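Heads up: the protein sequence lines correspond to chains A and B, in order. In our numbering, each number is its position in the first sequence, counted from 1, plus 13. In our numbering, each number is its position in the second sequence, counted from 1, plus 28.
No lab work stands behind these hints: they were computed from the structure. On a predicted model such as this, the values are computed, not experimentally measured, just so you know. We treat Cβ as the ideally placed atom computed from N, Cα and C, and that holds for glycine. Treat the hints with caution; some may be incorrect.
As the list claims (entries may be wrong) - Straight line, CA to CA, 25 angstroms or less: simulated SDA-like cross-link-like pairs of lysine to any residue:
no.: 1; chain 1: B; residue 1: LYS122; chain 2: A; residue 2: VAL15
no.: 2; chain 1: A; residue 1: LYS449; chain 2: B; residue 2: SER61
no.: 3; chain 1: B; residue 1: LYS122; chain 2: A; residue 2: ALA16
no.: 4; chain 1: B; residue 1: LYS122; chain 2: B; residue 2: TRP85
Said to hold, decoys possible - Part of the chain A face toward chain B, derived, beta carbon under 7 angstroms:
no.: 5; residue: LEU20
no.: 6; residue: ALA46
no.: 7; residue: LEU253
no.: 8; residue: ARG312
Stated by the list, open to error - Computed footprint of chain A on chain B; a stretch qualifies when at least three of its residues, placed anywhere within it, have a C-beta under 8 angstroms from a C-beta of chain A:
no.: 9; region: 40–48
no.: 10; region: 96–110
no.: 11; region: 153–166
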Amino acid sequence: MVALGALAALSLRPVPVLEEAVEHLLVPARLIAEVAAPVRWLSWDDAVEAAGTIEMEKEELVREAQELLEDERIAARPPANLVGAGLRIVHAEVIDRPVGEEDSLIVRWADSTYLDPGIPVVVGEHYVGRLAEVDPDRPGRGRVDLVTGRDFRVGAQISGSGAGRGALVVGGLLRQRSDEPGSLFLAVHNPGPWEEHEDPEGEGEWKVHVKEWMGEGRAEVWGQGFLLGNPVHETIEGGLELRRVRPVKDLAHGLYRVVLLAPLVGDEPAEVDLEASTYEPACWRGAGVLTQCTSARGRAGLRLALAPGDQVESGSAVAFGPHLLGRVETTGFCTARVRTLSDPGLVLSLLARVEGIEHPVAIGRVTTGGLGPNGSLRVRWEARVGIGGGEGSVDSQLFTGGGVRGVPRGLLVGYASLPRTTGEHELLIQPGTDGKDCQWVEIWIGPGEEGEE
Amino acid sequence: MSPSRLVAWLVALVWFTWAAAIDTQLRGDGHSSAWLPDLGAALLVAWSVRVEVRHLWTLACLAALARASFSVEPPVALLAGHLAVVMGVRFGRKSFDLTRPFGRALVAGAVASGWILWAWIVLVARHGEGVTPTWGALVSAAMGTAALTLFLGGLFTKLPGAGELLERRFVG
Numbered sequence: 014m015v016a017l018g019a020l021a022a023l024s025l026r027p028v029p030v031l032e033e034a035v036e037h038l039l040v041p042a043r044l045i046a047e048v049a050a051p052v053r054w055l056s057w058d059d060a061v062e063a064a065g066t067i068e069m070e071k072e073e074l075v076r077e078a079q080e081l082l083e084d085e086r087i088a089a090r091p092p093a094n095l096v097g098a099g100l101r102i103v104h105a106e107v108i109d110r111p112v113g114e115e116d117s118l119i120v121r122w123a124d125s126t127y128l129d130p131g132i133p134v135v136v137g138e139h140y141v142g143r144l145a146e147v148d149p150d151r152p153g154r155g156r157v158d159l160v161t162g163r164d165f166r167v168g169a170q171i172s173g174s175g176a177g178r179g180a181l182v183v184g185g186l187l188r189q190r191s192d193e194p195g196s197l198f199l200a201v202h203n204p205g206p207w208e209e210h211e212d213p214e215g216e217g218e219w220k221v222h223v224k225e226w227m228g229e230g231r232a233e234v235w236g237q238g239f240l241l242g243n244p245v246h247e248t249i250e251g252g253l254e255l256r257r258v259r260p261v262k263d264l265a266h267g268l269y270r271v272v273l274l275a276p277l278v279g280d281e282p283a284e285v286d287l288e289a290s291t292y293e294p295a296c297w298r299g300a301g302v303l304t305q306c307t308s309a310r311g312r313a314g315l316r317l318a319l320a321p322g323d324q325v326e327s328g329s330a331v332a333f334g335p336h337l338l339g340r341v342e343t344t345g346f347c348t349a350r351v352r353t354l355s356d357p358g359l360v361l362s363l364l365a366r367v368e369g370i371e372h373p374v375a376i377g378r379v380t381t382g383g384l385g386p387n388g389s390l391r392v393r394w395e396a397r398v399g400i401g402g403g404e405g406s407v408d409s410q411l412f413t414g415g416g417v418r419g420v421p422r423g424l425l426v427g428y429a430s431l432p433r434t435t436g437e438h439e440l441l442i443q444p445g446t447d448g449k450d451c452q453w454v455e456i457w458i459g460p461g462e463e464g465e466e
Numbered sequence: 029m030s031p032s033r034l035v036a037w038l039v040a041l042v043w044f045t046w047a048a049a050i051d052t053q054l055r056g057d058g059h060s061s062a063w064l065p066d067l068g069a070a071l072l073v074a075w076s077v078r079v080e081v082r083h084l085w086t087l088a089c090l091a092a093l094a095r096a097s098f099s100v101e102p103p104v105a106l107l108a109g110h111l112a113v114v115m116g117v118r119f120g121r122k123s124f125d126l127t128r129p130f131g132r133a134l135v136a137g138a139v140a141s142g143w144i145l146w147a148w149i150v151l152v153a154r155h156g157e158g159v160t161p162t163w164g165a166l167v168s169a170a171m172g173t174a175a176l177t178l179f180l181g182g183l184f185t186k187l188p189g190a191g192e193l194l195e196r197r198f199v200g
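In isolation and in its complexed conformation, chain A is listed as follows (with noise of 0.2 angstroms):
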């Protein structure tokens, strides 16, 4: 009874050691597995089908899918007339954002590029941080502070504002208000009067952009011009006034590539790229499919064959060709277990080809919410910025966008029709490939050292 009582805790309440431990244990789960091979080879036609199917889309696929990065690097660029004299752009990829640590992101960057802490960090020209550390052990990475923080600040002043008007500190995220689902503000600290300004720029929305008052010289001077948001003022319940920033972009999850900007030193470039390296084939290894998971419970997964010795994290993404299947959730000592897109509970960061809108545009984080209609998945969204404004649905090509640990960007999830207005929205996503029949499929294992961690 207490043996019961503690594996009923440890199924509700998992310790990743020990789920680590039992999955290696059940090294007879593989042989188990093999003993079922006969109805494996019912499907093997099928499977060489799928494979055939995936091998011939592949090209194109992967074609739209670099079309659709290089767009989001293009749009990550900062208009030049922001980026100072002597600054050079540092493009980064957001490879993490840890559990706990909302306002923050691990970025990486090109390995040979030294970079301080304390630079702006930008995206277009939306200013969302500065980097607050650089990992002495690895080369290339760091983490960024975000200005959602509770103790960041920066100085800001509304556009258009005369000297010694429209000046604010912004920093820290304020309260979600309820009645405004999906809505996220950033706090205003000394606000001076801003109602009494004209629109000084006829757009009929005000702007707070970056304002420092450190003098010149200083890193967090760099960020200068650099949009943060809509200033938002009302009265709320007992007459007081309330007073926020409103981000345009979505600070919480829609952060998936940024750029640094640091000092021009030497005859370095003026701009250091990152190439992805979602389709470089060192990136990946192969692992074939034991068995599907498929069971009555409402959970989807794969249980994969190993080999011995392969370095596997938990949390990588799982692709059959160009497609995202899943991502792994235990690896033991020759096998892994994967939840599938149609398993429940599934987070992913997407990343959307939006009809009619020129760049791609960040979905942020869906949690999959199992099977749908017609071998559709539901998705579970929560919209903090609207899509090009208006409402109604736009047709959208999904691919993974950053930030979600072990998963690249830029591989193909499906298809959907996506609400413009913010809210939480339910999807139902039509899946690139349902994956049923693939019995070979690669594991992200990242460039270099990711691997490693």
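Add chain B to chain A, keeping to what the hints say.
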């Protein structure tokens, strides 16, 4: 343990493996009928009501191992589920004759729907998300598995290797 008993356990593992493999294969497209019986649950119940009480824990562990080889669910949750089943059967056997067809069918039905609920609880506890099972799905799973156990439960106990593990009064 005698060699014949050891072989019997290995054979039992093979039967549970095949049951899990067939269960998975039948549900491969993700849109199988809710009435589809849970072969693994039916086999476990059919054997656990007749196997010697001291072997119940081994039986549960082997069934859980076989199931874990074909499942994305955490092995500890599967083991907990299987142990709970044999513990329930053990208590039930003290008061009821679960070897009768209707008795074992009732238990198998309860196990099939109980496992759906358990899997949902584990999923929600671990990942905060899960497809809430409907009453219809629970009843269908219970009825399908109960019917299978009602008609084929007796046959399961006559599978090669089973005789060595059953209580003497059921052999021969």
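Practice item. Report the numbers of all earlier hints that the structure fails to satisfy, in ascending order. Key: Number 7 - this is the single hint that the structure violates.
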